[in-house]
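Both chains are given apart, each in its own frame, so use the hints to dock them into the complex.
Chains as they are written, first to last, in my numbering: chain A, 2 to 111; chain B, 61 to 172.
Note that these hints are calculated values from the structure, not bench results.
Hints are not guaranteed to be accurate.
Claimed, not checked - Restricting the straight-line Cα-Cα distance to at most 20 Å, the calculated cross-link-like pairs of lysine to any residue (SDA-like) are:
1. B:Lys90 - A:Thr96
2. A:Lys53 - B:Thr160
3. A:Lys4 - A:Ile64
4. B:Lys90 - A:Tyr94
5. A:Lys4 - B:Ala158
6. A:Lys4 - B:Gly100
7. A:Lys53 - A:Ile75
8. A:Lys53 - A:Thr66
9. A:Lys70 - A:Gly102
10. B:Lys112 - A:Asn95
11. A:Lys4 - B:Gly102
12. A:Lys4 - B:Gln104
13. B:Lys90 - A:Tyr47
14. A:Lys53 - B:Ala158
15. A:Lys4 - A:Gly51
16. B:Lys112 - B:Ser133
17. B:Lys73 - B:Leu99
18. A:Lys70 - A:Thr27
19. A:Lys4 - B:Thr160
20. B:Lys112 - B:Arg82
21. A:Lys4 - B:Gln101
22. B:Lys90 - A:Asn95
23. A:Lys4 - B:Gln97
24. A:Lys4 - B:Gly118
25. A:Lys53 - B:Glu159
26. B:Lys112 - A:Thr96
27. A:Lys70 - A:Pro22
28. A:Lys4 - B:Asn119
What the hints assert, rightly or not - Label-pair restraints from in silico Cβ distances:
29. A:Asp12 - B:Arg123: 40 to 46 Å
30. B:Gly76 - A:Asp12: 43 to 49 Å
31. B:Arg127 - A:Phe110: 42 to 48 Å
Nothing here was measured: the structure is a model prediction, and the numbers come from that model.
No residue lacks a Cβ here, since even glycine has one placed at the ideal position from N, Cα and C.
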Amino acid sequence: DAKTTQPTSMDCAEGRAANLPCNHSTISGNEYVYWYRQIHSQGPQYIIHGLKNNETNEMASLIITEDRKSSTLILPHATLRDTAVYYCIVRAYNTDKLIFGTGTRLQVFP
Amino acid sequence: DAGVTQSPTHLIKTRGQHVTLRCSPISGHKSVSWYQQVLGQGPQFIFQYYEKEERGRGNFPDRFSARQFPNYSSELNVNALLLGDSALYLCASSRDRAETQYFGPGTRLLVL
Chain A
2 DAKTTQPTSM
12 DCAEGRAANL
22 PCNHSTISGN
32 EYVYWYRQIH
42 SQGPQYIIHG
52 LKNNETNEMA
62 SLIITEDRKS
72 STLILPHATL
82 RDTAVYYCIV
92 RAYNTDKLIF
102 GTGTRLQVFP
Chain B
61 DAGVTQSPTH
71 LIKTRGQHVT
81 LRCSPISGHK
91 SVSWYQQVLG
101 QGPQFIFQYY
111 EKEERGRGNF
121 PDRFSARQFP
131 NYSSELNVNA
141 LLLGDSALYL
151 CASSRDRAET
161 QYFGPGTRLL
171 VL
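Same shape as in the complex, but just chain B (with noise of 0.2 Å):
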């Protein structure tokens, strides 16, 4: 079986910019997390979408949103790019809320 994709694997945006980021979960996943992870930090969490509901939501600004489609798969939005929001973003899979999380590669996001 798949595992966990994510697109696209790298991109640069300019400040002020917005960013989509896409992920697939497993087959059979209904939930998936995002996990932002900058340059020498462990993954921070930012938000869990469980059958295309916001389940849980990290510290993290406005700018921030998420979907998840009837599919289970996922969108992560950042409006207005700030320099700092440079990182690994990661999207992780589980069956269910409580169950193991599977990471995909990640999309490594550059501000300029």
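This is chain A alone, in the form it adopts within the complex (with noise of 0.2 Å):
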């Protein structure tokens, strides 16, 4: 499975849209994009995924570059309940595990 690198931290305000970035250079042409969350202590949520066009579903938006090199996760209006460790995973459609990086850490400001 691919490596992804996504950055430590971010800040965000309420009600602002919430833009968390993934590299993910060395995708192959059967690797999915899996975004899950993680909210202090709970068991990670999955968030959204897709393989090469851009996903949208009521929690969020995933864009694929066209070079599937990156994608980005868009929270459209953040709240202070998205405030979690956000994790970019790559995956190949029939591998048995999810391979968790450490994650962007994203605080949402009143």
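This is the structure we're talking about:
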């Protein structure tokens, strides 16, 4: 599975869009980009995933660059409850495991 | 529908003891994966079970074992506990091996 690189931490004002970047320059054609978040001491929560097209659901949008070497998770209107560690994971379709890095700690402030 | 459930929520053991952690997957999910998360790190993959068979194993010693039951629930067993086994143990379920994994709340194990 390809390695991902994320900033260690980010801040965002409440009500503003939070844009969380992820680099995955060694991604291969059959690997998906997954995003999870983990609020303090809870289990990771699935957010969204995509292969090459942009994706949107009720929680967030995922923008994947055309060369697939990077992506951005967008929380359109961040709230205090979005404060969490966000993990970007690259996973081949037929693999059994998720490989977590250290993620980005997003702090949403009032 | 209920999400993934795990029991117990917290557990304190002493070195050398063994522990059994339990996981019930989301209804209709046939695959269960176990992860260990030590403080300050991301979760690390331990096992995946699908249709009651081990389908994947991470880099963990043989003290760690698991099994999956006919109703797709699962147990993680850890023998001869070490202080370093203190962690949050997470269970995730998915419809099959390759589908999106959904995590439970975890069991926090403290080994003294």
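How the hints compare with the structure:
1. B:Lys90 - A:Thr96: 15 Å, holds
2. A:Lys53 - B:Thr160: Distance of about 17 Å is within 20 Å: holds.
3. A:Lys4 - A:Ile64: OK: Lys4 (chain A) and Ile64 (chain A) at ~18 Å, within 20 Å.
4. B:Lys90 - A:Tyr94: Roughly 17 Å separates the two Cα atoms, so the pair holds.
5. A:Lys4 - B:Ala158: 19 Å, holds
6. A:Lys4 - B:Gly100: Given pair Lys4 (chain A), Gly100 (chain B) holds - Cα atoms ~19 Å apart, limit 20 Å.
7. A:Lys53 - A:Ile75: 16 Å, holds
8. A:Lys53 - A:Thr66: Within the cut-off at roughly 8 Å; holds.
9. A:Lys70 - A:Gly102: Holds, at roughly 17 Å.
10. B:Lys112 - A:Asn95: Distance ~18 Å between Lys112 (chain B) and Asn95 (chain A) Cα, so the pair holds.
11. A:Lys4 - B:Gly102: This hinted pair holds, its Cα atoms lying about 14 Å apart.
12. A:Lys4 - B:Gln104: Cα-Cα ~14 Å, so holds.
13. B:Lys90 - A:Tyr47: Holds. Lys90 (chain B) to Tyr47 (chain A) sits at ~18 Å (cutoff 20 Å).
14. A:Lys53 - B:Ala158: 18 Å, holds
15. A:Lys4 - A:Gly51: Holds. Lys4 (chain A) to Gly51 (chain A) sits at ~16 Å (cutoff 20 Å).
16. B:Lys112 - B:Ser133: 9 Å, holds
17. B:Lys73 - B:Leu99: 17 Å, holds
18. A:Lys70 - A:Thr27: 7 Å, holds
19. A:Lys4 - B:Thr160: Status holds; Cα separation ~19 Å.
20. B:Lys112 - B:Arg82: 15 Å, holds
21. A:Lys4 - B:Gln101: 16 Å, holds
22. B:Lys90 - A:Asn95: 15 Å, holds
23. A:Lys4 - B:Gln97: Cα-Cα ~19 Å, so holds.
24. A:Lys4 - B:Gly118: 17 Å, holds
25. A:Lys53 - B:Glu159: 17 Å, holds
26. B:Lys112 - A:Thr96: Given pair Lys112 (chain B), Thr96 (chain A) holds - Cα atoms ~17 Å apart, limit 20 Å.
27. A:Lys70 - A:Pro22: Holds, at roughly 11 Å.
28. A:Lys4 - B:Asn119: 18 Å, holds
29. A:Asp12 - B:Arg123: 40 to 46 Å: 41 Å Cβ-Cβ, so the 40 to 46 Å window holds.
30. B:Gly76 - A:Asp12: 43 to 49 Å: Check passed, 45 Å falls within 43 to 49 Å.
31. B:Arg127 - A:Phe110: 42 to 48 Å: 46 Å, holds
In terms of the numbered hints stated before, the structure departs from none.
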